[in-house]
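As given, the protein sequences belong to chains Y and R, one line each in that order.
So the first sequence is residues 1 to 191, counted in my numbering.
So the second sequence is residues 1 to 573, counted in my numbering.
Hints may contain errors.
No farther apart than 27 Å at their CA atoms in a straight line, the calculated lysine-lysine pairs in the DSSO-like style are these [as the list claims (entries may be wrong)]:
1. Y/K172 with R/K564
2. R/K511 with Y/K108
3. Y/K51 with R/K564
4. Y/K176 with Y/K64
5. R/K511 with R/K25
6. Y/K84 with Y/K64
7. R/K564 with Y/K176
No wet-lab data here; the hints were simulated from the structure.
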Amino acid sequence: MAVFPPKERIWWNEPIERVELIWIGVAFLWGLFMFGFMITWHFIGQQNLNKEAYRIAPSVYETKVEEFAKKYQVREEQGVPVVKPPAGADVYILGRLWQWWPVLELEKGTSYRIHLSTIDWMHGFSLQPVNINISAYPGYEHVFTLTPTESGEFGIVCNEFCGIGHHTMTGKIYVKDQKQAEVNQRLVAER
Amino acid sequence: MTAETVIGAVGKQAEFRTCQYTGLKVDVAAQTLIKANAVAAVVFLLIGGLLGLSVALTRWPAVHLLPAEWFYLALTGHGANVLLFWIIFFEIAVLYFASAVLLNCRIAAPKFAWLGFILMIVGALLTNYAVLQGDSSVMFTSYPPMQAAPNFYLGLILFAVGALIGCVIFFATLVIAKEERTYEGSVPLVTFGAITAAIIAVFTIASGAVILIPTWLWSLGLISNIDPLMYKLVWWAMGHSTQQINVSAHVSIWYLTAALLLGAKPLSEKVSRTAFFMYILFLQLASAHHLLAEPGLDSSWKIVNTSYMMYLAVLGSMVHGLTVPGAIEAAQRKNGYTKGVFEWLRKAPWGNPAFSGMFLSLVMFGFIGGISGVVLGTEQLNVLMHNTLYVPGHFHGTVVTGTTLAFMGGTYLVLPLIFQREIIWPKLAKLQPYLFGIGAAGISLFMMGAGTLGVPRRHWDITFSDAPIAFAHSAGAFLMMGLNGISAILAALGGAIYVIVVVGTVLFGKKIVGGHKLTFPLHSGGGAAVSHYGSEGAVKLPGTIILITIFFVSFVLYYFINWKYLSELWLFH
Ligand code: HEM
Ligand SMILES: [Cu+2]
Ligand SMILES: [Cu+2]
Chain Y
1 MAVFPPKERI WWNEPIERVE LIWIGVAFLW GLFMFGFMIT WHFIGQQNLN KEAYRIAPSV
61 YETKVEEFAK KYQVREEQGV PVVKPPAGAD VYILGRLWQW WPVLELEKGT SYRIHLSTID
121 WMHGFSLQPV NINISAYPGY EHVFTLTPTE SGEFGIVCNE FCGIGHHTMT GKIYVKDQKQ
181 AEVNQRLVAE R
Chain R
1 MTAETVIGAV GKQAEFRTCQ YTGLKVDVAA QTLIKANAVA AVVFLLIGGL LGLSVALTRW
61 PAVHLLPAEW FYLALTGHGA NVLLFWIIFF EIAVLYFASA VLLNCRIAAP KFAWLGFILM
121 IVGALLTNYA VLQGDSSVMF TSYPPMQAAP NFYLGLILFA VGALIGCVIF FATLVIAKEE
181 RTYEGSVPLV TFGAITAAII AVFTIASGAV ILIPTWLWSL GLISNIDPLM YKLVWWAMGH
241 STQQINVSAH VSIWYLTAAL LLGAKPLSEK VSRTAFFMYI LFLQLASAHH LLAEPGLDSS
301 WKIVNTSYMM YLAVLGSMVH GLTVPGAIEA AQRKNGYTKG VFEWLRKAPW GNPAFSGMFL
361 SLVMFGFIGG ISGVVLGTEQ LNVLMHNTLY VPGHFHGTVV TGTTLAFMGG TYLVLPLIFQ
421 REIIWPKLAK LQPYLFGIGA AGISLFMMGA GTLGVPRRHW DITFSDAPIA FAHSAGAFLM
481 MGLNGISAIL AALGGAIYVI VVVGTVLFGK KIVGGHKLTF PLHSGGGAAV SHYGSEGAVK
541 LPGTIILITI FFVSFVLYYF INWKYLSELW LFH
């Protein structure tokens, strides 16, 4: 045991080391920078999640999605309608045990207002292999604008545990190329 | 009013022994409680670890061990047993140690402390029972509207009440120590860290009660509806703040180990304590970073909260990241290792599992858990990895390579000092932190890798063989899952050795008597270094400055790489 009581009786009178002071300064500024960068990205970035959302009864949402699917259905795949909405249209996606419904066909470089909700449990909208991941809740209709920047076939998987069929819950989005010039024009306008 | 009248225990009845290595006066009642909590912790680590291994082997596509139902059951059990039961039992032991033992004080109301212990045991068993029955595979987060059996929630509530009693005993012991003047000046730094942990724990348990009690009533049919978004907000006010308890506790253990083994004192008390204090000030905001991908929440709310008010809690951890190695370097230089920039580190007691566990925990918590946590918690970057395997990857970096490894290291101090048994099989013990550390680092990094490639968390089958609409992940993702499986085997092996050494030592280790020389010796002035306060005083720390610079550069690079990834995504707003 120490024989002498500590020199300073009160710790907040203890001195601070120089190297500590410098590091605190650096770390604090870095924190401030990271904080500022999130705000900045709202102005310079193209990837910001919208906060627009509405309370909605699951059954009402289900009806809306069904009407949407009926209106723009172009064909069927594995019993699921494939829906091709016109550019700029409102697009509805529904999560339920255990599928993402319906299958969508979108155009590259075109913006859509996506509506996302579920009618039973929470599900995780995970667009692959793009890797855009958004939580979907029953009772909340989330609305955001989405612009595909590449064409091809994309999967939607569920990444919120939703019971025993969770790993069978998938969906699909086709993205078709349009004429390149048109796309570029639209992308420029977007930015 | 004295502590006597408030708490009602009689001081004279307490029985003490004096530790021959540290000179501390140890209350025998406190010692028994520490033993009980530590043993319980290890038992739940064993159960949870086995479940974790089975989960990892199932997620290895080439092995795919468990059927789906068992997989989700095992995953629920894994989360609850390791994250809640192992860690919190160990933390209660740390609290009793940091109060009664470090302050030379008797523990307040030991009978009441035993009541807390029993409640925790009953709660943990009840929850495990509910999980094993199979109708509670809801994951330990139990998001409604998915519902578990009532006993699942009831067990968690009982466990929390027991843990709350542990915190009350801790604070009461501090009061007694102050009144009976069992220490001089301010409480030592390790105790200060423990106070931080306990204050956060009380806040946490209150949030837990606010959300779990109604959920329990809902599972009994007494409440008709729980809003899932509200639940998630309050649940994570508990769930994430609990992680701040873990950080406070394991940082305390870092300081404790450095003090006992090397005689290290904090560089300056004010800085280290203020860093702990940051955790208390900003933890309430932590819930937000679980809600970055949720509908309807305002960006400014998200930004302020997810950054814990401009990263001030992160600042706390970054400060410890300097002051802990700095304190070690300063002490080692005093111990005579002054050659060059890194002799202090090369000649550190790497063969002592208490030291290697502590130092690996320090490095990996910062590099793996810390950096990935900030990236994951950045408002826009979150969309890249929300709910993917990146998330478990990140928190195995914090809670496994950080907290669990620090606790394992700490155990190699508790065994000789509190159980008073010599560690059996020292060669195995030496190897253990490395084996577990490498395995745990592997599971963290490979899960993060898989998550970056989009692999979902809590998912039985990434080939989607039963899905009506086909999808398959890339070959890279499969490779990551295989490497994750191999790392899991290493980690499980390291974990198994830990359990064997602890159980073997407790049951069969040589009893330590007066004059015994420890296999893994302490620093001669270590007892005084932990149980008193006072700063190290001006020293040069070239090695630490280099280490912290490497850390900072990695942090900045990784941060911007992720913004680059983000900028390549589809556009959304
Ligand atoms: C042998 C050591 C361990 C192995 C092999 C292991 C492996 C895993 C794996 C593969 C997952 C599943 C990820 C998923 O599918 O979503 C997981 C989840 C998890 N692990 Fe571990 N782990 C180990 C130790 C630990 C420890 C010591 C802790 C805590 C202190 C821990 C806490 C968790 C938690 C909280 C989850 C999340 C459970 C959930 O999603 O509900 N693990 N672990
Ligand atoms: Cu789902
Ligand atoms: Cu799911």
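Between Y/K172 and R/K564, is the straight-line Cα distance small enough, at 27 Å or below? It holds: about 26 Å lies between the C-alpha atoms, which stays within 27 Å.
Holds or violated: R/K511 and R/K25, Cα atoms, limit 27 Å. OK: R/K511 and R/K25 at ~19 Å, within 27 Å.
27 Å Cα cutoff - pair R/K564, Y/K176: holds, 25 Å
Holds or violated: Y/K84 to Y/K64, with C-alpha atoms at most 27 Å apart: holds, 16 Å
Given hint Y/K108 paired with R/K511 - CA-CA distance at most 27 Å: violated, 74 Å
For the pair supplied as a hint, Y/K51 and R/K564, confirm whether the alpha-carbon distance does not exceed 27 Å. Cα-Cα ~23 Å, so holds.
Holds or violated: Y/K176 and Y/K64, Cα atoms, limit 27 Å. holds, 25 Å
Violated hints amount to a single one, hint 2; each of the other numbered hints is respected by the structure.
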